[in-house]
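Engineer: Take a look at the letters that make up each chain.
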Amino acid sequence: MEEELLDSIFAAILDGDIPAAPGAVQAALDAGLSAETILNEGMIAAMSRVGELYEAGDYYVAEMFTSAKALQAGLSILRPHLQNSKVQAAGTVVIGTVKGDMHDIGKNLVAMMLEGAGFQVHDLGPDVHPSRFVNAVLEHKPDIVALSALLTTTMPAMQTTIDALSAAGLRDQVKIIVGGAPVNDEYAEHIHADGYAPDASQAVTLAKAMVTNG
Amino acid sequence: MNARERVLAAIRHQEPDGVPVDLGSTPSSGISAIAHYHLKHALGKAHWPTQVYDVVQQIAQPNDEMLDLFRIDVVDIGRAFDDRPEDWYAINLPDGTPVHFPTWFKPSPQPNGDWEVFNQDNVRIATMPLGATFFDQTCFPYLDGYPADFSDLPTVMPLVHWAGLAHSPWDHAGDADFWQQLRARALALRASTDRALMIVIGCNLFEWGAFLRRLDNFLVDIVTDPGNVERLLDALVEQHLKTLEKVCAAVGDIADIARFGDDLGADQGPFMSPKTYRQLFKPRHKIMTDYVKQHSSMHTFLHSCGSIYKLLPDLIEAGFEIINPVQTIARDMEPARLKQEFGKHLTFWGGGVDTRFILNRGTPAQVKDNVRANIEALAPGGGFVFNTVHNILPDVPPANIIAMFEAIDEYR
Numbered sequence: 001m002e003e004e005l006l007d008s009i010f011a012a013i014l015d016g017d018i019p020a021a022p023g024a025v026q027a028a029l030d031a032g033l034s035a036e037t038i039l040n041e042g043m044i045a046a047m048s049r050v051g052e053l054y055e056a057g058d059y060y061v062a063e064m065f066t067s068a069k070a071l072q073a074g075l076s077i078l079r080p081h082l083q084n085s086k087v088q089a090a091g092t093v094v095i096g097t098v099k100g101d102m103h104d105i106g107k108n109l110v111a112m113m114l115e116g117a118g119f120q121v122h123d124l125g126p127d128v129h130p131s132r133f134v135n136a137v138l139e140h141k142p143d144i145v146a147l148s149a150l151l152t153t154t155m156p157a158m159q160t161t162i163d164a165l166s167a168a169g170l171r172d173q174v175k176i177i178v179g180g181a182p183v184n185d186e187y188a189e190h191i192h193a194d195g196y197a198p199d200a201s202q203a204v205t206l207a208k209a210m211v212t213n214g
Numbered sequence: 001m002n003a004r005e006r007v008l009a010a011i012r013h014q015e016p017d018g019v020p021v022d023l024g025s026t027p028s029s030g031i032s033a034i035a036h037y038h039l040k041h042a043l044g045k046a047h048w049p050t051q052v053y054d055v056v057q058q059i060a061q062p063n064d065e066m067l068d069l070f071r072i073d074v075v076d077i078g079r080a081f082d083d084r085p086e087d088w089y090a091i092n093l094p095d096g097t098p099v100h101f102p103t104w105f106k107p108s109p110q111p112n113g114d115w116e117v118f119n120q121d122n123v124r125i126a127t128m129p130l131g132a133t134f135f136d137q138t139c140f141p142y143l144d145g146y147p148a149d150f151s152d153l154p155t156v157m158p159l160v161h162w163a164g165l166a167h168s169p170w171d172h173a174g175d176a177d178f179w180q181q182l183r184a185r186a187l188a189l190r191a192s193t194d195r196a197l198m199i200v201i202g203c204n205l206f207e208w209g210a211f212l213r214r215l216d217n218f219l220v221d222i223v224t225d226p227g228n229v230e231r232l233l234d235a236l237v238e239q240h241l242k243t244l245e246k247v248c249a250a251v252g253d254i255a256d257i258a259r260f261g262d263d264l265g266a267d268q269g270p271f272m273s274p275k276t277y278r279q280l281f282k283p284r285h286k287i288m289t290d291y292v293k294q295h296s297s298m299h300t301f302l303h304s305c306g307s308i309y310k311l312l313p314d315l316i317e318a319g320f321e322i323i324n325p326v327q328t329i330a331r332d333m334e335p336a337r338l339k340q341e342f343g344k345h346l347t348f349w350g351g352g353v354d355t356r357f358i359l360n361r362g363t364p365a366q367v368k369d370n371v372r373a374n375i376e377a378l379a380p381g382g383g384f385v386f387n388t389v390h391n392i393l394p395d396v397p398p399a400n401i402i403a404m405f406e407a408i409d410e411y412r
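Listed in order, the protein sequences are those of chains P and E. Position 96 of the first sequence, counted from 1, bears residue number 96 in the working numbering, the numbering being contiguous throughout. Position 217 of the second sequence, counted from 1, bears residue number 217 in the working numbering, the numbering being contiguous throughout.
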């Protein structure tokens, strides 16, 4: 019975069945399954499989988004229960698109995938001034700050954001990961970021490695 | 061969007398206003105008002297419009670059440094935040869901800035005699130049879905709500066919190439599976390319950014002869591989130099090496028109652009 309930949640997310996800989560809660079990075995497991299928070329961006939205629909039911439970988040992430850049769809997908991997995510949105990143780090004390930029012309704002964190004495307290079309490993090294990922799926792998290695 | 013959030979997969080159014949094969300004100064031609003909992307229209200097083989029919001094006015961009905007384009600078665009009903349809160098869409007419029918489609499309702030010739589409003007000006252009002529027709399908619903919602729609997606696509095709009918009648015997647009790829792969493309988009693309082939002598060109390798067999069957911009650093889009597998069926219009990392950040020597490698992979046997991978952006140094053209000259 427990397994069937978890399978329903897993399937709703894997299949991108957005309407079914909340009900599947509610049914599991009503049956007495813990928020932690539902999160880990129903949802994180499903998003991990989504990531595998995407890496293998069987799922595309469309499917990844749909599964992420199904995850969000399920999480909307689960979140209050997570807050009440002793579930340990995989880590805390502050994420945003840098100043001058309105593009956020890729960043949103990263945020959803990170949540789907058990991270607590604070999404600052697009066009984020460096001072807002500083304030968010002070407030949320994240493990990771994730910076997104779509344009070669807004990418330099990643450096100014890192400089702002350094000036505030916060640089050593966080790991900084970067992503977006104009970014690559070389650029990440150049600005002394801690990591780079080329897509949302690999961003999750990177974030998990960062919190494990400390 | 003259320029037009060179381009047509390439499209017909015959070896031309040299590599054909495009700069500025489409809104994704040109040069941004800021880069244009710096380039003209580096060339000692500060007096050349920097006319921002595509205000959304802030792209300049190269003048005839620049086209002559770089020996460009193809032009946009749109350049035949807005040809009077009173069609333009001088303005400084937020970074101080002096340019000319079309007289009809009046953005509103805000106290915080952002530039906003409001339409005639005072609806905010575009924004360029401080520090950015082009305008983003702000209005998504079907954001909250699909209407019961699409009779309002012609009235909501202008709320999308790509349509509402369209580049020439479409900025004149509302003129009472637009279609006569289009023919007359195209004929005059034809008579004045031996360059090939391009007409930019859009007719986007996936992208219009994204423009109307917003990309993230439409990506979910194509997976979970194909019924509504197909209703929308049918309405779009109906509208696009009306446009194509008039385009073919006006310039179908004058323009050499009709450019369709539909970004189907992200960096790591197509947005959708080939199966989804075949189900929802392919038959509808084919209806439109068939129309062009049956009612004109124009070749069919598809602009699609990203990693579209997995869709290429279907795009060929959908009737596209030319692919642009050939994003070589996207997954599976290596020039040699594309040429080997699809070179007989597709003309690669682009892929000439990587713009993500090399043209902007490389040395002139690295730019030349990249140009040579790409030309040698893509040009043999025709089926290639040199273009940068999408527009030359503001951060590209003039020395790199000049180096690029010097390397191209080694092949013509």
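Keep in mind the hints are simulated off the structure, nothing from the lab. Hints may contain errors.
Partial list, derived from the structure: chain E residues whose beta carbon lies under 7 Å from chain P [as the list claims (entries may be wrong)]:
# : residue
1 : 66
2 : 153
3 : 268
4 : 272
Restraint-style ranges between C-beta atoms, simulated for each label pair [stated by the list, open to error]:
# : chain 1 : residue 1 : chain 2 : residue 2 : range
5 : P       : 171       : E       : 246       : 54 to 64 Å
6 : P       : 186       : E       : 83        : 37 to 47 Å
7 : P       : 140       : E       : 83        : 28 to 38 Å
8 : E       : 340       : P       : 160       : 23 to 33 Å
9 : E       : 230       : P       : 48        : 42 to 52 Å
Quick partial rundown of chain E residues pointing at chain P, CB under 8 Å, derived from the structure [unchecked claim]:
#  : residue
10 : 133
11 : 224
12 : 228
13 : 279
14 : 280
15 : 356
16 : 397
17 : 398
18 : 399
19 : 402
20 : 405
Built from N, CA and C at the ideal position, the CB exists for glycine as well.
Engineer: Taking the hints in turn, state whether each one holds.
Structural biologist: Each hint tested on the structure:
no. : hint                        : verdict
1   : 66                          : violated (22 Å)
2   : 153                         : violated (23 Å)
3   : 268                         : holds (5 Å)
4   : 272                         : holds (5 Å)
5   : P:171 <-> E:246: 54 to 64 Å : holds (59 Å)
6   : P:186 <-> E:83: 37 to 47 Å  : holds (45 Å)
7   : P:140 <-> E:83: 28 to 38 Å  : violated (56 Å)
8   : E:340 <-> P:160: 23 to 33 Å : violated (44 Å)
9   : E:230 <-> P:48: 42 to 52 Å  : violated (33 Å)
10  : 133                         : holds (5 Å)
11  : 224                         : holds (6 Å)
12  : 228                         : violated (14 Å)
13  : 279                         : violated (12 Å)
14  : 280                         : violated (11 Å)
15  : 356                         : holds (6 Å)
16  : 397                         : violated (12 Å)
17  : 398                         : violated (16 Å)
18  : 399                         : violated (17 Å)
19  : 402                         : violated (19 Å)
20  : 405                         : violated (21 Å)
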